[in-house]
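Number of protein chains: 2
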Amino acid sequence: MKQLFVIVAAFMAATASAQVAEDFKPATTNQEGHEYPMVNSQRMVRAQISAPEANSVKLDIGGVKYDLVKNAEGVWTGESAPQDEGFHYYQLNIDGASVPDPGSMYYYGASRWGSGIDIPAADEDFYTVKNVPQGSVNEVYYYSTVTEKMRHCYVYLPAAYRENPTKSFPVLYLQHGMGENETGWSAQGKTGIIMDNLIAAGKAVPFIIVMDNGLNAIPAHPDTTQQMQFPFPGMSQRPNGPRPQGMGQRPGGPGQGGPRPGGPRRGFGGFNGFQEVLLKDIIPMVEKNYRVIADTEHRALAGLSMGGMQTHMITLANPTKFAYVGMFSGGTFSADELKDAADFKKTNKVLFMSTGSKERGMAEGDNSVTKAAERLKALGINAHSYISPETAHEWQTWRRSLYQFAQLLFK
Amino acid sequence: MKQLFVIVAAFMAATASAQVAEDFKPATTNQEGHEYPMVNSQRMVRAQISAPEANSVKLDIGGVKYDLVKNAEGVWTGESAPQDEGFHYYQLNIDGASVPDPGSMYYYGASRWGSGIDIPAADEDFYTVKNVPQGSVNEVYYYSTVTEKMRHCYVYLPAAYRENPTKSFPVLYLQHGMGENETGWSAQGKTGIIMDNLIAAGKAVPFIIVMDNGLNAIPAHPDTTQQMQFPFPGMSQRPNGPRPQGMGQRPGGPGQGGPRPGGPRRGFGGFNGFQEVLLKDIIPMVEKNYRVIADTEHRALAGLSMGGMQTHMITLANPTKFAYVGMFSGGTFSADELKDAADFKKTNKVLFMSTGSKERGMAEGDNSVTKAAERLKALGINAHSYISPETAHEWQTWRRSLYQFAQLLFK
Chain P
103 MKQLFVIVAA
113 FMAATASAQV
123 AEDFKPATTN
133 QEGHEYPMVN
143 SQRMVRAQIS
153 APEANSVKLD
163 IGGVKYDLVK
173 NAEGVWTGES
183 APQDEGFHYY
193 QLNIDGASVP
203 DPGSMYYYGA
213 SRWGSGIDIP
223 AADEDFYTVK
233 NVPQGSVNEV
243 YYYSTVTEKM
253 RHCYVYLPAA
263 YRENPTKSFP
273 VLYLQHGMGE
283 NETGWSAQGK
293 TGIIMDNLIA
303 AGKAVPFIIV
313 MDNGLNAIPA
323 HPDTTQQMQF
333 PFPGMSQRPN
343 GPRPQGMGQR
353 PGGPGQGGPR
363 PGGPRRGFGG
373 FNGFQEVLLK
383 DIIPMVEKNY
393 RVIADTEHRA
403 LAGLSMGGMQ
413 THMITLANPT
423 KFAYVGMFSG
433 GTFSADELKD
443 AADFKKTNKV
453 LFMSTGSKER
463 GMAEGDNSVT
473 KAAERLKALG
483 INAHSYISPE
493 TAHEWQTWRR
503 SLYQFAQLLF
513 K
Chain G
103 MKQLFVIVAA
113 FMAATASAQV
123 AEDFKPATTN
133 QEGHEYPMVN
143 SQRMVRAQIS
153 APEANSVKLD
163 IGGVKYDLVK
173 NAEGVWTGES
183 APQDEGFHYY
193 QLNIDGASVP
203 DPGSMYYYGA
213 SRWGSGIDIP
223 AADEDFYTVK
233 NVPQGSVNEV
243 YYYSTVTEKM
253 RHCYVYLPAA
263 YRENPTKSFP
273 VLYLQHGMGE
283 NETGWSAQGK
293 TGIIMDNLIA
303 AGKAVPFIIV
313 MDNGLNAIPA
323 HPDTTQQMQF
333 PFPGMSQRPN
343 GPRPQGMGQR
353 PGGPGQGGPR
363 PGGPRRGFGG
373 FNGFQEVLLK
383 DIIPMVEKNY
393 RVIADTEHRA
403 LAGLSMGGMQ
413 THMITLANPT
423 KFAYVGMFSG
433 GTFSADELKD
443 AADFKKTNKV
453 LFMSTGSKER
463 GMAEGDNSVT
473 KAAERLKALG
483 INAHSYISPE
493 TAHEWQTWRR
503 SLYQFAQLLF
513 K
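Residue numbers (our numbering), protein chains in the order written: chain P, 103 to 513; chain G, 103 to 513.
No lab work stands behind these hints: they were computed from the structure. Note that the coordinates shown come from a computational prediction; the quantities given were computed from them, not determined experimentally. There are no misleading hints in this set.
You can't tell identical chains apart in this list, so a pair holds if it fits in one copy or across any two.
Below, in silico cross-link-like pairs of lysine to aspartate or glutamate (DMTMM-like), each with a Cα-Cα straight-line distance of 25 Å or less: (1) Lys251 with Asp225; (2) Lys251 with Asp227; (3) Lys513 with Glu265; (4) Lys232 with Glu378; (5) Lys172 with Glu155.
Please model the complete structure; the sequences and the hints are all you need to start from.
Written out as structure tokens, the structure is:
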């Protein structure tokens, strides 16, 4: 019996090790000089950490926890199942404590600053830094008359902005998702790199991109009669696959500040307030401080997930403010919403809707971005749809969506 | 006997609790919505983390590890001794694993991305964001002909740069310390905030600040005959008090990439290479891409700790390149070095040397910045010294040094 057990165990170990390709390389998102985490050609993540006195260490990625195994020196090592191409949030769990991996760089998502890892992708060239004319991503503070506080945003300026000191440029306002903040599009999204590469290749015209925070926009004196419904009708489908923990959490949940006595809450409170901050503070600040062509035809609005829903809401409430509108994994416009919108149809140049192929509901069937675009085209709207191959509700979908959308803008 | 023990224990508990002021508030450096870590009026840090299955959790700050205590719910809590005012790197240790605190924001220092905490300071007003004209901190990639790679830096542009679109400005090149990188001056150092406040108050003239990486500047084709000595004569004193772990570690240590077979090493390799990158790549890039007054009189160089030593080395090798020179906790110039430096004396406008009062050797006695400035003044050099009260080899010393130095520049 014992012999049989040994044989079976040896067989299982051999099978398991045959399944793991031993070609692991340090992730590109690692801290300088750190070997771990690593990724292999099967897109498995191998984590490692020294924790000599720990009883249990796990790698927590894509909503699944994987046990790490301790060696004689107290170093724990283990692998995840294969992950999708692109960027994923993850963490380690040491004896019940969820902590960032000291080997990785840190990103804001899933309502916390924590570990992220980039899995090499077949198309990663479009978001790789190259020796082409470089724009810059500018960190800016400004005073908000709506929140009565200083706010913080990032502004991408293309190389042409610097090279043509008297020229004015169009602007895209680009928003992050639930549980993320104004750093997401630049860090995880690689906005500046994608744009510099697109512009250098002649695939996009140079324009400014403003990335602000869509969750902390809480008016000091909220107009409660103007609160919008959330979620939208038709936005009830839950994305499948790994996603930021913040998705679907209750308003005011962890990391969003919690309920505030006697005042509006963060999270969905800020979701509503963002429209007011965008129109009264952000756009005026940008049009005052930068060389901007300040008209509808040269103004775009887009966002991912929650930012796409905000784009949806703000576009319906302000149909002639933005000529280009993009929703990345953020639902679709219905024909009903736009069939009588004469002003919108007159000023809109592009309406773009995208999703990852692994996002339930939006990639196929009657609710898909493809079908939605067909219905909108029948109304005479220049609707576009895009489905990111083999990705879920994650940043690879949104990097690709930006890459597609940017090529349609201001042409 | 048992009674005595109870009495003694009760007395000790009362004494201990009397020593800790229960007025803890969340640190300003916490992640949004996180209560812990906290700081009290005695400048003690209270950390807390849920780790139900852990055997031991410690708070590691200022080179000392403090035991946390577990409650019935598996949540660990504990306090440090009082800390100096200002910013400190720290970490948690869970069963032997050193990890970032999931409650804090993350900073690059001590050769890793990890936790940092700001202890309230009596003078924190000068680095607090205010509703004054705001400049911006710009993230820039550029190609280096020296390293034959893309490099990454930050450029602070004052509000006046935007407001006066044809005007040109002076430039300060400002360097971080060992174990830090190009993000340090903007994040921990609060450069943009300090400058916006100083300029708004009329205490500094507007100028550009370039913050680059002084450690990863490894020439693709190094000229080994040009390697400078390190450490400098007179720089052998070790700072006391808490300091980045990177200080004093061996070249090529953790986070610095380690030795590279057949090539130059990171760390002190980059320390030497930085001069070449600064002169051949950074300054030409800045003078090409920004509206800069490109002469000695409008060019300054400064740095903290290792960055101060680089400033020292580069100034001696290029005595007429920078009219303003600052060394923050980075040693002193000797009268011997400059007594025959006629070119330097002709072009130099200000030579600034600072230290924290708790830094051994540089705050008092014959090797102090005060005495060094006196000796240089006797040579006819406009030398200034500054000693930051009650701070060690840490960021509060360097924030204050920048605040002082900036007021002397380009006037």
